[in-house]
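**Q** Residue-level listing of the chains:
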Amino acid sequence: MPDPRFFQSKGPFSLENLAAIANAEISEDGDHSRLFRDVASLDEAGPDDISFLDNPRYIEQFGKSKAGAAIVHPDRAKQAPSGMSLLLTPTPYLAYALIARAFHPEEENFSGIDGSAVIHPTAIVGEGCSIGPGVVIETAAEIGSGTRIGANSVIGTGVVIGEKCRIGALCSVAYCLMGNRVQLYAGARIGEAGFGFAVSNKGFITVPQLGRVVIEDDVEIGANTTIDRGTGPDTIIGAGCRIDNLVQIGHNVRLGKGCIIVAQTGISGSTVLEDQVVLGGQVGIAGHLTIGRGAQLGAQSGVMNDLPAGKRYAGSPAIPARQWFRQLAWVKKMSKQKAGADG
Amino acid sequence: MPDPRFFQSKGPFSLENLAAIANAEISEDGDHSRLFRDVASLDEAGPDDISFLDNPRYIEQFGKSKAGAAIVHPDRAKQAPSGMSLLLTPTPYLAYALIARAFHPEEENFSGIDGSAVIHPTAIVGEGCSIGPGVVIETAAEIGSGTRIGANSVIGTGVVIGEKCRIGALCSVAYCLMGNRVQLYAGARIGEAGFGFAVSNKGFITVPQLGRVVIEDDVEIGANTTIDRGTGPDTIIGAGCRIDNLVQIGHNVRLGKGCIIVAQTGISGSTVLEDQVVLGGQVGIAGHLTIGRGAQLGAQSGVMNDLPAGKRYAGSPAIPARQWFRQLAWVKKMSKQKAGADG
Amino acid sequence: MPDPRFFQSKGPFSLENLAAIANAEISEDGDHSRLFRDVASLDEAGPDDISFLDNPRYIEQFGKSKAGAAIVHPDRAKQAPSGMSLLLTPTPYLAYALIARAFHPEEENFSGIDGSAVIHPTAIVGEGCSIGPGVVIETAAEIGSGTRIGANSVIGTGVVIGEKCRIGALCSVAYCLMGNRVQLYAGARIGEAGFGFAVSNKGFITVPQLGRVVIEDDVEIGANTTIDRGTGPDTIIGAGCRIDNLVQIGHNVRLGKGCIIVAQTGISGSTVLEDQVVLGGQVGIAGHLTIGRGAQLGAQSGVMNDLPAGKRYAGSPAIPARQWFRQLAWVKKMSKQKAGADG
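Protein chains in written order, with numbering that gives the first Met the number 0: chain P, 0 to 342; chain H, 0 to 342; chain A, 0 to 342.
This is chain P alone, in the form it adopts within the complex (with noise of 0.2 Å):
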């Protein structure tokens, strides 16, 4: 059950408040009025507790669980431990989500402007903004009514916040045309000059970085990921997007709606992703290319080239996956035959 100390339950609800929450089917045996104050895991879920079973590697645990209730599919049911109520869903992580931002929803307890924030008179701050203490926000910037901004975040000149967004501690966002509800994770870095030098005899000359960061509404981005502005053109992060931590994004960088960025992946200048491309994590992207929509890309993968729509691609420099394993399995079968040959 989630730490009293950090959660707070919102609990308890019924079976069957439960099932609609979620849209899932109570199981024949199910209790509807049975009454669950939260969720948990399926190890550590009692029986006043609903968990679920999404990843198949953990059906041993649910076979032991003593959740008095459980999300799974209906293909799995049967093993189930006797007398667990079950929710029957083709889709029990969504349904999971859907339950546990019942018990959790995000926070409405608005606490105002604290009084060490640092506001320039020219800056507009909405109603009903939480600005945590120690907060900067510099001239003419505007944060969007139900915004919250944490503890010693610093909010640059002439920035524009969408109404409810989160930004979280220790954050810094510059030259910056953010929507709504978007989400920075702590120690985020937006809008930052991208790396742009000309070379010439007396040394490098610095290149101004004209252009802006845009990023659209419902977009998230992980602690610590730097997100540099354009050169002149915008960098634009689409709606949507999930982007981990410690990304690097550079300059002129476009991301298409709904992409997926896993942690550590670096993407160079001026590449566009199209629509629902997926990026495992620690990926690397040349500079100038187009992913196509919808492409996916396995960990740690290398990519110096365009890659068409809707395939999956891994290695260094990137191919398409299954080629790539081929290629592994080759190597593997060969070198051994090699050693066998010559010892």
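Wrong hints could be hidden among the right ones.
Which copy? The list can't say, so a pair holds if one copy fits it or any two copies do.
What the hints assert, rightly or not - Using 30 Å as the maximum straight-line C-alpha spacing, the simulated DSSO-like pairs for lysine-lysine come out as follows:
| hint | residue 1 | residue 2 |
| --- | --- | --- |
| 1 | K201 | K9 |
| 2 | K201 | K163 |
| 3 | K63 | K256 |
| 4 | K256 | K201 |
Source of the hints: derived by calculation from the structure; they are not laboratory data.
Here the structure of chain P is known, so what remains is to put chains H and A in place on it, guided by the hints.
**A** Structure of chains H and A alone, referenced to chain P:
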């Protein structure tokens, strides 16, 4: 055209002025007295803007651009749309840098010391500095004249920062001697203790890290990059180095002058890069190595041995780039043949 | 010799004292009563300094060093320059660590609570803490006695920090229970929400992250490293782990005791490292795996499967290190032969 919310142009400038600034030649039919209000990218520029063509990928955009003028290599002049004035130069990107800097010089308005900064009485702050809100400057630190320190940054005990440096928001600088005109982008971490411990039968014993970080003039260090201080010897960043975001530089590393380090690269302790080494993104270099002057390492390469000067390397472990490409091609071809033979 | 601007030596100590501190033996011709004012590296040390030789790469420097004394393995004693006193021990680096800590113990002067810190009235700060300028401590957080918190760090609601911890500047800590003597370096991000969302026909649905980060005693966590809190289960960092800079640790990851994680490595959600696992730099590990006790992974390796205890792995995907080196050698040889045959 740059968003006036963030960028104020010092224009207009006449084409003749711009040619002088960029040391470029005006094309035959160029209108010497025509005024330009700003720079813009090829696809966003209008008749009052000057743009540039450098990367040949954008030649099609060049042919269709509505820019009033463009900076271009003489060999490409004939591909310009009719009516466009041209500034001809063999180094268009450098010329663009100079012109963009004329329209958008670095800000010179200094804001003094914000009242919320916490500056120890033993610290020394030079003339004409801008010290942002929430900045902390600890005992005996010295800040050179004309330096800016962004909001909520922390300058540790004894640190020396030179003149005209620009420290971004939320940076930390400790155990560091910094030259003039150095730039740190937001969240850079300079001078933390490196990864140093001895193994004992009571667990790890931390080894005191008794060196400094010495940063020479004109260095730029990217957002959320980490540079550890030396163990006793110093970590040294040579004059004019450009270090991108999220780079890790271990203790006692020495970078020569003018090295370029692209994002997410890591350099292990005590490794030496001679002058003008170029590391692509996500490169990893083991400790105690020497990388020769002007060597260039492809993105994601991994280095386990000393490398001689002036050559290109790629792969993990890194080998001469030509050899790496040959190996890749060979594996690709052979594994396909084999699959064919098996099928 | 360490720069007195940053480091104050507690010396001098006699050679006899130092031998006792390090549990080392004085060489036959060593001068027991000779005084040493500080430690220094082999090439910087003078007659009043004590240095050490551990890594055999530096044996030439050892032979030319002007250090008055050095700590060295008995087998290398004969390569010492004449006149140098020696402290002989089979573990010179450990002996150096102990001696360096005698000259430079961790500071014990506590500065109390800075007037600019913002501490919620419900938070509890123990005896003898140092709370730096601009620090924010939110509701009901508890800080153990003798702990230091660096300038502008943010400690979130409910967080518990043990005794004698050292939190660097500009760190954020949320949803975390931390043991004693833990060190966080500047910019570490502990307890942010991990990368968790379900896919629905209305887009991504964020899954509430209802677990904590549990950090056991004596852990060190590097600059700008990110450790996400659990989803419901906790993320657990075992006692004595050493985590370098810019590392990413996903939700529900469990590290055993005494693991070593080098910079820029990423560990995906729910993966378990047993005790004393060693990960080189830039390693990537997929989610839901188990890495056996004492396994060692080479830099840049990529792990997609469980790995057994005690072995060395390398490559991406990771395979036994010996096999990886054999494959590399085979590809190198065969691709050359082929090129020769073609030419």
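**Q** Go through the numbered hints given earlier and state which of them the structure violates, listing their numbers in rising order.
**A** none
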